[in-house]
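Student: Chains A and B, in that order, give the protein sequences.
What the first sequence shows, in this note's numbering, is residues 1 to 111, in sequence order.
What the second sequence shows, in this note's numbering, is residues 1001 to 1114, in sequence order.
Treat the hints with caution; some may be incorrect.
[Stated by the list, open to error] Which residues of chain A face chain B? A few of them, derived with a C-beta cut under 7 Å, are:
hint: 1; residue: Gln33
hint: 2; residue: Arg38
hint: 3; residue: Phe45
hint: 4; residue: Asn71
hint: 5; residue: Asp103
hint: 6; residue: Gly104
These aren't lab readings, by the way, just hints derived from the structure by calculation.
Heads up, the beta-carbon is just placed ideally off N, CA and C, and yes, glycines get one too.
Residues per chain are reported as follows:
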Amino acid sequence: GQQVMQIPQYQHVQEGEDFTTYCNSSTTLSNIQWYKQRPGGHPVFLIQLVKSGEVKKQKRLTFQFGEAKKNSSLHITATQTTDVGTYFCAGRSTNAGKSTFGDGTTLTVKP
Amino acid sequence: NAGVTQTPKFQVLKTGQSMTLQCAQDMNHEYMSWYRQDPGMGLRLIHYSVGAGITDQGEVPNGYNVSRSTTEDFPLRLLSAAPSQTSVYFCASSYSPYDLDGYTFGSGTRLTVV
Chain A
1 GQQVMQIPQY QHVQEGEDFT TYCNSSTTLS NIQWYKQRPG GHPVFLIQLV KSGEVKKQKR
61 LTFQFGEAKK NSSLHITATQ TTDVGTYFCA GRSTNAGKST FGDGTTLTVK P
Chain B
1001 NAGVTQTPKF QVLKTGQSMT LQCAQDMNHE YMSWYRQDPG MGLRLIHYSV GAGITDQGEV
1061 PNGYNVSRST TEDFPLRLLS AAPSQTSVYF CASSYSPYDL DGYTFGSGTR LTVV
């Protein structure tokens, strides 16, 4: 079945440093979504990418969808303590009725 | 507009007991799903529904049953609880599996089976 791999599993950064998490799929995706889960909370939808090579920005967050639509990345510029949490990607293969979640990258930020 | 409401928030069960986790949404979403989240293992899909009367299995359906008699409600039943079912359970919904607005998650039920 479809597999979505996410790396790294954990990332510890100093406040102000950049952060990137990567998502790789074993199959071509029709779309990919990104979610953020704060400690003790529930996943919250951030964005969806649909087009090959698509790049979207939300303030300090930049999301990219690979040209082959098999990988994606989330980049945070100048991390803040409010960025702590686990970031999940969720990819849906063509003809699939549901998305498959990666295992997430947990970000900790040291002030 | 409450979104996705899950009850209870916390539950302790003894091995062999059964219970139902409730999930209700007031957004008229057709698609609803249940996930379990274990440490370091992300979100694994248990069951999902694309509309009232229609349900299907996800990655880890064993030990769980669902039904969808109305658009609003999607309860998850544990038939005979086992310690391996200790987890955090999330219900999620969207207009469709292809929804550009993504899934809306409930706040979760933290279940411990002893």
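Student: If a hint holds in the structure, say so; if it doesn't, say that too.
Tutor: Tested hints:
Interface hint status for A:Gln33: upheld, as the beta-carbon distance to the closest one in chain B is roughly 5 Å, under 7 Å. This hint is violated: A:Arg38 has a C-beta 11 Å from the nearest C-beta of chain B, more than the 7 Å allowed. For A:Phe45, the interface hint holds, since its Cβ comes within 7 Å of a Cβ in chain B; the closest pair sits about 3 Å apart. With a cut of 7 Å, the hint placing A:Asn71 at the interface with chain B is violated, because the nearest CB-to-CB distance is about 17 Å.
Hint on A:Asp103 holds. Least Cβ distance to chain B is approximately 4 Å, under the 7 Å limit. Annotation: interface hint on A:Gly104 holds; nearest CB of chain B at approximately 5 Å, less than 7 Å.
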